[in-house]
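Listed below, chain by chain, are the residues.
2 protein chains.
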Amino acid sequence: MKKLEDLQVIISEAVDKIGFPQYPAELYEPISYILSLGGKRMRPALLLMACDLFGGDIDAAIPPALAIEVFHNFTLMHDDIMDNAPLRRGRTTVHEKWNQNVGILSGDVMLIEGYKLMMQVEDRLLRPILDIFNNTAVGVCEGQQVDMEFEVRNDVKIDEYLNMIRLKTAVVLGGALKIGALIGGADIKDADLLSNFGEYLGIAFQLQDDILDVYGDPEKFGKQVGGDIISNKKTYLLIKALELAKDKQAADLSHWIALKQFDQAEKVEAVTAIYNQLEIRNYAEEAMQIYTDKAFEALDAINLPEEHKQYLHDFADGLLVREN
Amino acid sequence: MKKLEDLQVIISEAVDKIGFPQYPAELYEPISYILSLGGKRMRPALLLMACDLFGGDIDAAIPPALAIEVFHNFTLMHDDIMDNAPLRRGRTTVHEKWNQNVGILSGDVMLIEGYKLMMQVEDRLLRPILDIFNNTAVGVCEGQQVDMEFEVRNDVKIDEYLNMIRLKTAVVLGGALKIGALIGGADIKDADLLSNFGEYLGIAFQLQDDILDVYGDPEKFGKQVGGDIISNKKTYLLIKALELAKDKQAADLSHWIALKQFDQAEKVEAVTAIYNQLEIRNYAEEAMQIYTDKAFEALDAINLPEEHKQYLHDFADGLLVREN
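One line per chain: the protein sequences are V and C, in this order.
Be aware that the first sequence starts at 162, since it is given in the working numbering, and climbs by one per residue.
Be aware that the second sequence starts at 162, since it is given in the working numbering, and climbs by one per residue.
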């Protein structure tokens, strides 16, 4: 089994070598630019890992892995326009560096380039792999749409939230693993189980992210603690708190959400205090545990040698105990 | 051979029957909306026609034909955002009726839905047809990018212009015909020839459109005569005039292009007068004739019964002598 870090390096080098046409420059330069901004290349590395797990040839999985990375960056390019984001990984976003039309159109062509890369598989896998890719891509779009709708709603339910993060974040992990597994020679049953493992793990990971935003060690977490609270982001924690808060707590929470001008530290402290009173962290950790358990349950059922399953187990542990 | 009008009706009915998910509504409603705005359904009808020409089963060609129509409407949805267009076929554009983010994201999912429909072909055709679709889709994006760049350039060359209209308008006609031909049972050589026929015809048709905008009978043409002149659109006529005009003519032309405030009728009259002095219409008609000849040359070489070729010949004649 290759180490995940080694797979990430393989992907990074392959990303640098993707050749796009020179003309028209404003269509293709933004693609090279956003891909050059880096990132952990986690999704494509997982695709290679899945191929490797089932004893497949990693080289054969590189183009589809690149497809997943190109697709992911297409969603970032369009999401940045929709979110009006000035920065991506500390660098100017495409629509700011060029303009919005360039961001829309380069993104469009990236999605097509993703399909072209994904088609570089053997004929017998072409249809099943494209079916997975289609479902993944549609899921991500649906997730982004639902996420945008959540911004203007205060009645989001926990189930809706879990479905949104599944679509927006988790299906692409499941899809990448499933495609890699099929290339590696897995049968459809094992590929589905591995996909479930990835999807559940993705949900658990997002729930952990929600928890760490409030309760993480800022030095290890690498983000501003309370960022979600400051921006009223509908996380598991806020949705659960809105569901449970009564009387004065409910009034206080609504007050902080409605407030346009506030001291950030004060808001974070006040909302965290409400979370603490309602024991929101426990609920969130329980939910996270449920999805972690589901992930490991799927993993256990896969027909793979124990040491390969242990590899995935260790990977999941590393991901989920990033720190807290 | 089925009549083109009958094929258009078949497509219109099939478009009405495409079922998209209900949730999230803001993602899928705009797709049904833009598809409901109508249009001539020419591209998908041509795909069916190509299938019919080679004796294929039209029913098998309907999903790919719908894919072409969904793809075309995806490009319209995104182009309308880029062009800041308030109306499409006399109705509010998607980004105006909902908002820009909805237009971007619904367009993205339409492109994916296009792939899903295009994949509804038999296995042996899946890869060749998707290759054609990819090339078509990339071409349209490249054409749109180049067209946007032309808006801010005054040094566009005729060859660049012909390449732009090929990419933006003609490749999708060629692609639709080629896909239909393959489904109909054509060999790759005949499919390529039919594709060339469509591409050359598309270029000739666009050149005719440029000519009719200035010299067409407004009642028959159905658009405001001189619209391109008023908006300084880089058509074959304007580019050729900029190339040929010398001294006072060149100065006059530049003057009218630079003018921000003007009487529309006066500008149309003045620029048309320059076109007339330079005999621009002759040049444009010659170019149109060259591409028409190329189209018929490709048609002649196709291995089809004479009456089927005559059908295509009549179709082309109908398209190109719309009126002038």
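Among these hints, one or two may not hold up.
[What the hints assert, rightly or not] Residues on chain C that point at chain V, a partial pick, calculated with CB under 8 Å:
(1) Leu-237
(2) His-239
(3) Asp-241
(4) Ile-242
(5) Ile-265
(6) Ala-298
(7) Val-299
(8) Gln-306
(9) Glu-310
(10) Val-313
(11) Asp-370
[To be verified] Sample of chain V residues lacking proximity to chain C, with all beta carbon distances greater than 10 Å (derived):
(12) Glu-166
(13) Val-170
(14) Ile-242
(15) Lys-277
[To be verified] Derived DSSO-like pairs (lysine-lysine); straight-line CA-CA distance at most 27 Å:
(16) C:Lys-409 with V:Lys-277
(17) V:Lys-350 with C:Lys-277
(18) V:Lys-201 with V:Lys-277
(19) V:Lys-277 with C:Lys-277
(20) V:Lys-163 with V:Lys-407
(21) V:Lys-421 with V:Lys-350
Everything labelled a hint here was simulated from the structure, so no lab data went into it.
From the three backbone atoms N, C-alpha and C, an ideal C-beta is built for every residue, glycine too.
Looking back at the numbered hints, which does the structure fail to meet, lowest number first? 1, 3, 10, 11, 14, 15, 16, 20, 21
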